[in-house]
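As given, the protein sequences belong to chains Y and A, one line each in that order. With my numbering as the guide, the letters of the first sequence map in order to residues 1 to 124. With my numbering as the guide, the letters of the second sequence map in order to residues 125 to 257.
Heads up, some of the hints might be wrong.
With a cut-off of at most 25 Å between alpha-carbon atoms, the simulated DMTMM-like pairs for lysine to aspartate or glutamate come out as follows [stated by the list, open to error]: (1) A:K176 with A:D245; (2) A:K176 with A:D250; (3) A:K217 with Y:E75; (4) Y:K80 with Y:E70; (5) A:K257 with Y:D111; (6) A:K176 with A:D240; (7) A:K217 with Y:E70; (8) A:K217 with A:D207.
Since the hints were made in silico from the structure, they are not lab data.
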Amino acid sequence: MNYLAQRSINSGVNMSGIGNIGNITSPADAASTFNQIISTSIGLMTVIAIIWFTFVFLTGAYSIMSSGGEKGAYETAQKKIRTGLIGLVAVIAGVFLLDFAGWIFGFGAGDILNPGNWIINIGI
Amino acid sequence: MNTITNSLVQPLIKLHDILVPEVYAAAPVNNPILGPNLQALNGVSFIQGLVKVSVTGGLIVGVLVFFFNLLVGGITYISSGGDKGKTEMARGKLTNAVIGIVVMFLIFAVVILTGDILGTDLLLIDITVLQVK
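Between the sequences and the hints, there should be enough to build the whole structure, so can you do that?
Below you can see the structure in the form of structure tokens.
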């Protein structure tokens, strides 16, 4: 015999999304998935930045070759390569700079890199 | 009575466990493109490593530039053929290269000495004072 509170209420269907990120069974899973999506976007942007840097570097090198001792063209190409290099370092450093900013503002270790956890924590 | 209380409380405890996880650790956001060594770093250790690598990289580039300046200076000297101006130029290049590399490798001595005079360690800047607590 079941008491009222023991009755399991079955909605009839198990709702889920599509694909791997749709297979979420708990709030903890949801937070993890949310973090993963952000990580993947950061990874994608890094890939694009690396490919773009390759082209910037090569076209800059080509400009140096074809500058033929001309001061202005040489300096423009040099500037192009330098800014590209700085940008690449900045893209790779991005996640760590965010973590560093979190450290400065007194977040716990890695807390600022865990937005999924914040959503869990703002629940009542 | 006891079973009724239990049967009422148990689902509530379960619900509480689901909604308010006690110890919860989602994998933090990272950059999956970076290698495992780089991913293991946190913000502070990354910046420490970046400063270290920049200094070492600067020293290596400096050594390479010194090497090539020495080479070019030597070749200019050889090919000057007694020409007064060219000999002067080659000599200037060689002395500048030597002065440059001596200064470059004295940088740590200078920094440590200056820090000593000022009564502080310039190589050990305490960034914890930046932290908002």
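Hints, verified against the model:
| no. | hint | verdict |
| --- | --- | --- |
| 1 | A:K176 with A:D245 | 16 Å, holds |
| 2 | A:K176 with A:D250 | 15 Å, holds |
| 3 | A:K217 with Y:E75 | 23 Å, holds |
| 4 | Y:K80 with Y:E70 | 16 Å, holds |
| 5 | A:K257 with Y:D111 | 15 Å, holds |
| 6 | A:K176 with A:D240 | 21 Å, holds |
| 7 | A:K217 with Y:E70 | 23 Å, holds |
| 8 | A:K217 with A:D207 | 16 Å, holds |
Of the hints listed earlier, there is not a single one the structure fails to meet.
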